[in-house]
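K.L.:
Top line first, the protein sequences correspond to chains A and P.
Quick note on the working numbering: the first sequence kicks off at 1 and runs consecutively.
Quick note on the working numbering: the second sequence kicks off at 1001 and runs consecutively.
Simulated from the structure, these hints should not be mistaken for laboratory data.
Treat the hints with care, since some could be wrong.
To be verified - So the derived label-pair ranges between C-beta atoms look like this:
1. A:PHE214 / P:ARG1302: 54 to 64 Å
2. A:ALA72 / P:LEU1116: 45 to 55 Å
3. P:TRP1080 / A:LEU92: 49 to 59 Å
Claimed, not checked - Facing chain A, a subset of chain P residues (Cβ under 10 Å, in silico):
4. LEU1172
5. ARG1183
6. ALA1184
7. ARG1186
8. ASP1188
9. ALA1190
10. CYS1192
11. ALA1194
12. GLY1196
13. ASN1198
14. ILE1288
15. LEU1289
16. PHE1291
17. ASN1294
Built from N, CA and C at the ideal position, the CB exists for glycine as well.
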Amino acid sequence: MTVLLEVDGVTKRFGGLTAVKNATFTLQKGEFTGILGPNGAGKTTLFNILTGFMQPTSGTIRFNGEPVRELAPYKVVNRGMARTFQLTRPFLGMNLLENVLVACMSPRASEDKDKEARASYLLGQVGLGGRDKEPVETLPYGDLRRLEIARALATRPDLLLLDEPFAGLGSGEIEQLAQLIRRLHREENLTILLIEHKLREFMALVSRVIAMNFGEIIAVGPPEEIVKNPKVIEAYIGKTEAEHASA
Amino acid sequence: MRSISPIDIAGGIVLVAILALAPMLVASNYLTGVLTVCAIYGIWASSWDFMSGLTGRENFGHSLFIGAGAYTAGFLSNIWSTSPWISLPLGVVIAIAFSLLVGFPTLRLRGPYFALAMLSASAILQRLCLIFWEYTGGEEGLYGLDPLIKSPLHYYWFVLGILVVTVIVLTLLAQSHWGLLLRAIRGDEATCQAAGINVTFYKIASLMISAGFAGLGGALYAHYQLQVSPPLFSVVVSITVIIMVYVGGIGSIYGAAVAAILLTLLTEMLRGFGEYRLWIYTLTLMLILFFLPNGLIAPLWRRMTERLR
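Bound-form chain A, shown alone:
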């Protein structure tokens, strides 16, 4: 196995608040890893730092052996690290095909000569086949998430970062989307890093978990061990029980 992503001592401070504190971990090629943590644990901030949307206060990030910390977001994408957004951000006023087509124009996709065919194929890959001309405005939330994934795939990523892909979806939609993500991991040989705060779907999906709380990584390990980790139980499951009690 080769190391794809190395995150070393990444810290992000917003004034007095430390959103991410000394995050250190590595991802191996082909791995399916999840970042677990309650709301406000610093998961999305960490994602934004990895993908260049935010500059960390300190720390280094190496991707495919090269430093990517100072790079603009689009350059990070063209190195092979693509992301989706938790709040989906489609291009309004365009149809599904055009939404994916934009990403097919990235330098990393330059070998895909027939952009339309590639975009259409990717829509099929994520289960939106035959709907090329549909306007994006009428798309339900679950399909928007699929569209986000198709757009990310268009940049031919080595590493796919999924920011809470299941948030706001019904259980049926979650199962279908989980199947899609599992298939991409298996068939396309993608390395995937996924953020989630819901335990159940998450545990069934990933092979390794990085648990965060208050900006710090509190545990790393396979899901079966993570759910037994006292720190995780205190930070995470304990809170969920408290939520249940108050509800």
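Got chain A sorted already, so can you dock chain P onto it with the hints?
P.N.:
Using the frame of chain A, we list chain P on its own:
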């Protein structure tokens, strides 16, 4: 993507034929002159629409590029006495140079700051023309330029031809993958970044294209008026062009060109109203923009031809 259908091409040919033949039916140098200005405004408006209409970054200093092209023609013709035909390509080059000069620092700005930065840049150029009056002729500007083509009618046809080429080139670009990226930038810059697109590059490149055509129009204007003066850089020119694009239907290119022609004709036709002219003109614009926020020309044309598509 709104693609061009045969009816659009047919409409375009009819319109261009009417415009080309109009001065022959009503033989008057006045009308020919007005139509020449109409066509030049068409070039300015469609070039503004290409960058600002597609990317949504409103450029309030288009007059900077117009003036740059015009003054290039002025200097070349007046001071170095070169052939007027050199004015056109060099006007384009100088306008593009200015777009790079202002584009790099300003296009990273978000929201209204790009608009304000462009506005300031054009105002600075207007000032500089007055400060360096020994070279620029100050308020009076440069005059005595050589005409490109002696016959006003032939010059009008030449300018009309350039307008047609401008609209065709910009429309093809807007319909291409390039135009799709510009519209994506209008939608969401962060998503463009996530899609691996170098947003700054595309914004600057589209500003360069926009500036090039504006500079070409500026040089054509200089060789029509046979003089150039500082008001070419004024914000009034920029705003006039922006209003034309909004009336035409933003992002449509052809709508901007047609609106520019109609509004220029309207100002001329209202001359009979003397001092009420500006009142009527402004009121017309306010009504159009208030009741038709998407513009008049392009939406109207699309509705009229809906069944023929």
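K.L.:
Now look at each hint and say whether the structure bears it out.
P.N.:
Going down the list of hints, with the structure as the test:
{"no.": "1", "hint": "A:PHE214 / P:ARG1302: 54 to 64 Å", "in the structure": "55 Å, holds"}
{"no.": "2", "hint": "A:ALA72 / P:LEU1116: 45 to 55 Å", "in the structure": "24 Å, violated"}
{"no.": "3", "hint": "P:TRP1080 / A:LEU92: 49 to 59 Å", "in the structure": "51 Å, holds"}
{"no.": "4", "hint": "LEU1172", "in the structure": "17 Å, violated"}
{"no.": "5", "hint": "ARG1183", "in the structure": "7 Å, holds"}
{"no.": "6", "hint": "ALA1184", "in the structure": "5 Å, holds"}
{"no.": "7", "hint": "ARG1186", "in the structure": "8 Å, holds"}
{"no.": "8", "hint": "ASP1188", "in the structure": "5 Å, holds"}
{"no.": "9", "hint": "ALA1190", "in the structure": "7 Å, holds"}
{"no.": "10", "hint": "CYS1192", "in the structure": "7 Å, holds"}
{"no.": "11", "hint": "ALA1194", "in the structure": "6 Å, holds"}
{"no.": "12", "hint": "GLY1196", "in the structure": "3 Å, holds"}
{"no.": "13", "hint": "ASN1198", "in the structure": "5 Å, holds"}
{"no.": "14", "hint": "ILE1288", "in the structure": "22 Å, violated"}
{"no.": "15", "hint": "LEU1289", "in the structure": "21 Å, violated"}
{"no.": "16", "hint": "PHE1291", "in the structure": "22 Å, violated"}
{"no.": "17", "hint": "ASN1294", "in the structure": "12 Å, violated"}
When each numbered hint is compared with the structure, violations occur for hints 2, 4, 14, 15, 16, 17.
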